[in-house]
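Participant: The listed protein sequences correspond, in order, to chains X and U.
Under our numbering, residues -15 to 100 are what the first sequence spells out, in order.
Under our numbering, residues 275 to 389 are what the second sequence spells out, in order.
Please note that a few of the clues may not be correct.
20 Å max Cα-Cα, derived EDC-like pairs, lysine to aspartate or glutamate [claimed, not checked]: (1) 323(U) x 289(U); (2) 323(U) x 345(U); (3) 386(U) x 289(U); (4) 55(X) x 8(X); (5) 332(U) x 8(X); (6) 323(U) x 8(X).
It is worth saying that the hints were derived from the structure and are not from the lab.
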Amino acid sequence: DTGVSQNPRHKITKRGQNVTFRCDPISEHNRLYWYRQTLGQGPEFLTYFQNEAQLEKSRLLSDRFSAERPKGSFSTLEIQRTEQGDSAMYLCASSPTGEGVNTEAFFGQGTRLTVV
Amino acid sequence: AQSVTQLGSHVSVSEGALVLLRCNYSSSVPPYLFWYVQYPNQGLQLLLKYTSAATLVKGINGFEAEFKKSETSFHLTKPSAHMSDAAEYFCAVSDYFSGTYKYIFGTGTRLKVLA
Chain X
-15 DTGVSQNPRH KITKRGQNVT FRCDPISEHN RLYWYRQTLG QGPEFLTYFQ
35 NEAQLEKSRL LSDRFSAERP KGSFSTLEIQ RTEQGDSAMY LCASSPTGEG
85 VNTEAFFGQG TRLTVV
Chain U
275 AQSVTQLGSH VSVSEGALVL LRCNYSSSVP PYLFWYVQYP NQGLQLLLKY
325 TSAATLVKGI NGFEAEFKKS ETSFHLTKPS AHMSDAAEYF CAVSDYFSGT
375 YKYIFGTGTR LKVLA
């Protein structure tokens, strides 16, 4: 399968702990996005990478959140000092450049975080 | 700012009946619109996209959507619902104006198909 891969699929953590999620985009996709989805809501944009450069961050991304894409391939999203409000599905998506506005984003299956 | 509004957080239809899921957009520039489907505990799968080439867009699984500029709408339809269509559906607009092409999603419509 050459789709977007996210690990782990599920994570349960105690409040105050740090967690890290990984996203492997489709090979050769330059654009990578992180979204957060809470129950009953649509996905909300968190951050965007073009290759290894983080070009946009949402105000939703507090200073406890950090994302990296060190070599322009896989990406990690870390949440420090987790809070119960961080419980959500974290979705990663990737898309190729060069196709302009018609670019379709391909989504991974998400990482469901539960903070207890 | 661009946005989409999905009317009806829950829609129920009988198997074999017409499916109509509503999406209205707000955009100061020509919009690029998408419909995604999400099954429980899964990611999002693209159903179809509007790329300005044609106002009636056909997608996978028998779904289609019509772009109506005068009504600022992009409603999703399917002539005959199947049990397997039960899922959550999201309308999204591409924020290409910012240069990131990130999607701005609606709040979703959960479709229930009754036997």
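Participant: Does each hint hold? Answer for all of them.
Facilitator: So, going through the hints one by one against the coordinates:
1. For the suggested pair residue 323(U) and residue 289(U), the alpha carbons sit about 25 Å apart, so the restraint of at most 20 Å is broken.
2. Distance restraint check for residue 323(U) and residue 345(U): the Cα-Cα separation of roughly 18 Å lies within the 20 Å cut-off, and the hinted pair is therefore satisfied.
3. For the suggested pair residue 386(U) and residue 289(U), the alpha carbons sit about 9 Å apart, so the restraint of at most 20 Å is met.
4. As the CA atoms of residue 55(X) and residue 8(X) are separated by approximately 12 Å, the hinted pair is consistent with the 20 Å bound.
5. With a C-alpha separation of about 30 Å, the suggested pair residue 332(U) and residue 8(X) falls outside the 20 Å cut-off, and the hint is violated.
6. Restraint check for residue 323(U) and residue 8(X): not satisfied, since their Cα atoms lie roughly 24 Å apart, outside the 20 Å limit.
In the structure shown, a violation is registered for the earlier hints numbered 1, 5 and 6, in ascending order.
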